[in-house]
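If you read the sequences in order, they're chains A and B.
Per the numbering used here, the first sequence starts with residue 181, numbered consecutively.
Per the numbering used here, the second sequence starts with residue 181, numbered consecutively.
Some hints here could point you the wrong way.
Note that the list lumps identical chains together, so a pair holds whenever it fits in one copy or between two copies.
[What the hints assert, rightly or not] Derived BS3-like pairs: lysine-lysine, alpha-carbon spacing no greater than 25 angstroms straight-line:
| # | residue 1 | residue 2 |
| --- | --- | --- |
| 1 | 366 | 317 |
| 2 | 317 | 367 |
| 3 | 272 | 350 |
| 4 | 187 | 367 |
| 5 | 350 | 317 |
| 6 | 350 | 249 |
| 7 | 249 | 317 |
| 8 | 317 | 272 |
| 9 | 317 | 358 |
| 10 | 285 | 366 |
FYI, nobody ran anything at the bench for these hints, they're computed from the structure.
Predicted, not measured: the structure shown is a model, and the values here were computed from it.
Number of protein chains: 2
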Amino acid sequence: MGSVAWKQLLLNALESNSHLNHSSFMQLATIGANGTPSNRTVVFRGFQDNTDNIQINTDTRTRKIEELKLCPSAEICWYFTDSWEQFRINGKVDIIDALNPDPQKLQQRENSWFASSLRSRSQYLWPNPGLPCLNEKAEPEISLDPSTGPIDAFCLLILEPNQVDYLNLKSNQRLTFKSSVTVAAKKSWTVERINL
Amino acid sequence: MGSVAWKQLLLNALESNSHLNHSSFMQLATIGANGTPSNRTVVFRGFQDNTDNIQINTDTRTRKIEELKLCPSAEICWYFTDSWEQFRINGKVDIIDALNPDPQKLQQRENSWFASSLRSRSQYLWPNPGLPCLNEKAEPEISLDPSTGPIDAFCLLILEPNQVDYLNLKSNQRLTFKSSVTVAAKKSWTVERINL
Chain A
181 MGSVAWKQLL LNALESNSHL NHSSFMQLAT IGANGTPSNR TVVFRGFQDN TDNIQINTDT
241 RTRKIEELKL CPSAEICWYF TDSWEQFRIN GKVDIIDALN PDPQKLQQRE NSWFASSLRS
301 RSQYLWPNPG LPCLNEKAEP EISLDPSTGP IDAFCLLILE PNQVDYLNLK SNQRLTFKSS
361 VTVAAKKSWT VERINL
Chain B
181 MGSVAWKQLL LNALESNSHL NHSSFMQLAT IGANGTPSNR TVVFRGFQDN TDNIQINTDT
241 RTRKIEELKL CPSAEICWYF TDSWEQFRIN GKVDIIDALN PDPQKLQQRE NSWFASSLRS
301 RSQYLWPNPG LPCLNEKAEP EISLDPSTGP IDAFCLLILE PNQVDYLNLK SNQRLTFKSS
361 VTVAAKKSWT VERINL
């Protein structure tokens, strides 16, 4: 197993499940403000540039943002329903919102905004998610100009993996990938076969 | 919305997605021993008797057991891929292992053992899950007598929900169900419509 072999396994799983709309759906667990676990479905928005960092779009008004500010650790559980593969990806999450001081990160946020559909983008203009619904209509009618840049509520999350547990229920194989950082600040991965 | 209306919504979702093998797969988030979130796919094993408590079978040797002993709070995220419905079910987990002092709980554990397939049962005789794999063969050859009662490693988890967040991505509806306990120790549920 070479370095970041889990990324290749994940790319293979994405490819072999790509006929399913939900293949990009994964569950993100965080720690709630009251110290209990929190878990919800999010959409995989690709890897950040040439890294193994995972991109997720979200609304700054959702509870996960306040949770990640208190505790940036998260674990993704991603089950591929056609290939019977599970990835558990543990790492820390960087929150890139409109107020981020880093111009490069703001550029990444803008790229992720324009990479999503116009319908996805318009949701960031909807009423505050999670608050009581005062409107009878399920979906607000909002039109957004395609050239409009990221709305304030739009937020890019970057999860930097430090451990990945891979399970294949067809071949009955399980692998654990662990990262470490060398003295030269270079990240490297080891892999071990594990009992199911 | 009557009491425990979320249970009816869940039963409906199970019914309308029952043609999919993975419809009983859900993601269970717990808090890891190091304080970071932990997340994995588990199988829904039905409701406990006539309650709204959720049953899960697991192996006492898995990491989730030590995690749940430290912090019994958990959140299930259950996404139904055909009906586009998500249930986030937050609650506390009761661990029923072979050493449980309550005869009624031991009976429930035995019932859940015999309700699972012989193949599922034999997995509790496999080598310690999560430890390095010393055997070349992916799947150990173990035969288990169908009349054999629960193996020591077999454990029944009972999640008692206290809050349920329901999201329907077809109708764009979101509901939050919250439970409270009356002075007569009777559990009741309230429901509120929430912005997506």
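Hints and how they fare:
{"no.": "1", "hint": "366 / 317", "in the structure": "neither (52 angstroms within a copy, 35 angstroms between copies)"}
{"no.": "2", "hint": "317 / 367", "in the structure": "neither (49 angstroms within a copy, 32 angstroms between copies)"}
{"no.": "3", "hint": "272 / 350", "in the structure": "neither (30 angstroms within a copy, 32 angstroms between copies)"}
{"no.": "4", "hint": "187 / 367", "in the structure": "within (14 angstroms within a copy, 46 angstroms between copies)"}
{"no.": "5", "hint": "350 / 317", "in the structure": "between (44 angstroms within a copy, 14 angstroms between copies)"}
{"no.": "6", "hint": "350 / 249", "in the structure": "neither (38 angstroms within a copy, 31 angstroms between copies)"}
{"no.": "7", "hint": "249 / 317", "in the structure": "neither (32 angstroms within a copy, 44 angstroms between copies)"}
{"no.": "8", "hint": "317 / 272", "in the structure": "neither (37 angstroms within a copy, 35 angstroms between copies)"}
{"no.": "9", "hint": "317 / 358", "in the structure": "between (47 angstroms within a copy, 23 angstroms between copies)"}
{"no.": "10", "hint": "285 / 366", "in the structure": "within (21 angstroms within a copy, 51 angstroms between copies)"}
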